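Novice: Each chain, written out:
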Amino acid sequence: MEKESITVPEPIVNIIDLVLYYGKTKALKGINLDVSKKKITSFIGPSGCGKSTLIRCLNRLNDLIESVTIEGSIKIDGRDIYDPAIDVTDLRRRVGMVFQKPNPFPKTIYENVIFGPRIVGIKKRGVLDEICEKALKKAALWEEVKERLHTNALDLSGGQQQRICIARAIAMEPEIILLDEPCSALDPIATAKIEDMLVELKKDYTVIIVTHNMQQAARISDFTGFFMLGELVEFNVTTGIFTNPREKQTEDYITGRFG
Amino acid sequence: MTREAYHKALKNLEDEVLQMGEMVANAIRNSVESLQKRDINASREIIKNDLLINKKRFDIEEKCILLIATQQPMAVDLRELTSILSIVTDLERMGDHAEGIAKINILMGSEPLVKPLIDIPRMADIGLSMLDKCLKAFIDRDTETARRICNEDDQVDALHDQIYRELLVLMMENHRIIRMATYLTWVSHNLERIADRVTNIAERIVFMVTGKMEEINVSKY
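Protein chains in written order, with the numbering used here: chain R, 1 to 259; chain A, 1001 to 1221.
What the hints contain is simulated information worked out from the structure, not anything from laboratory work. Just so you know, these numbers come straight off a predicted model, no measurement behind them. Heads up, the beta-carbon is just placed ideally off N, CA and C, and yes, glycines get one too. Incorrect hints may appear among the rest.
Said to hold, decoys possible - Covered, in the sense of this in silico footprint (three residues per stretch, anywhere, with C-beta under 8 Å from a C-beta of chain A), are these stretches of chain R: (1) 191-203; (2) 210-223; (3) 236-249.
All chains should be modelled from the sequences, with the hints used to inform the complete structure.
Specialist: Now the structure itself:
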């Protein structure tokens, strides 16, 4: 069924008729959606609805799964990211990702943050120091760790580790930051800190977040997509989704009448 | 402090309630002044401006609903938002009472008043002073002041009773002034209701701060 969709300002990502199969199972059934530049867009929906699968398409993480086949297209800045000529490493630099469980490397805080820039060949200590400070400041972590940059990142709390991972993504100066359930392993205060930081980050970056916690989507995002069984049921401004959704399925889900 | 954007939105909402309070206070003040000066055009202006008060109420309500829907306010924040929903309803009705006084002035046209206006402006002054203190108490979370405001309502009620009695006497003496005297009882009634609405707001402030629903303005009947 063709759903009414909204036009977002300054679309930076265009997802067009995207279909994804895991083997023979159709996990995404023709998704059409635009993501607005320097806004927070969230994807919500019950488990297995395809929201994580979709976000993983945006930096081609699904390429790593052999059984996956994809139809349709995803354009970033007007260019199809599934074009064979695309440099996937460069794509992943431009589209950073943060996962559900904080996964800092067993290295120092400093080494974690400058890991990416160092891989791409930046060697000057002064430049790396600057990148580290800037990224940690943007991740709202600088004040908490500036005195102990050379201690092990694994000694930090879960919330701090997750912000290290966000700083690590920011250090590569991406255009888009993808977050797959970034707060599901964190307590409410650590969650609030991450949420505040994401609201700050959208001044410079486009943020796309997958969350099980629909209240989180309500709190911080500008646009929300509700997914179910591989379909995009509704995509709308967040205030619209949470005060007056157009689709009954969306209303049933957000009011807890679903399932 | 976390959730800065949310707390800023709450603060902005408080400012909007104050702005609406100011609009309503102006409407009340102007309605009585226009009556004193028998200025029909000024009364027409009050009726026109009431639409802006009504719009402001809808705007604030919508913002409250958006914050409740998207920010999951808890504890004192939740009480504040539900109180604001109630406060703006009272303010809007107070605006309607001012509009009522403006309409009465227009209905009275050019006929002379049956008595000089002394107690009616006094009622308006007390009501306005109550409203002013009440809005300050809202911002300061000041339950003491909120409770005291309810006592001041007794003065307004007493003035209303007095005006009503005086006008009854005048009407009994001269039945030709019944129409004009009745209009003035309506004005007095509107002002009496305005002060009652302020006490509703004061009760909401106490609830907002303490979490307890209390009837502070107890009826004398």
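Novice: Of the numbered hints stated earlier in the document, which are not met by this structure?
Specialist: none
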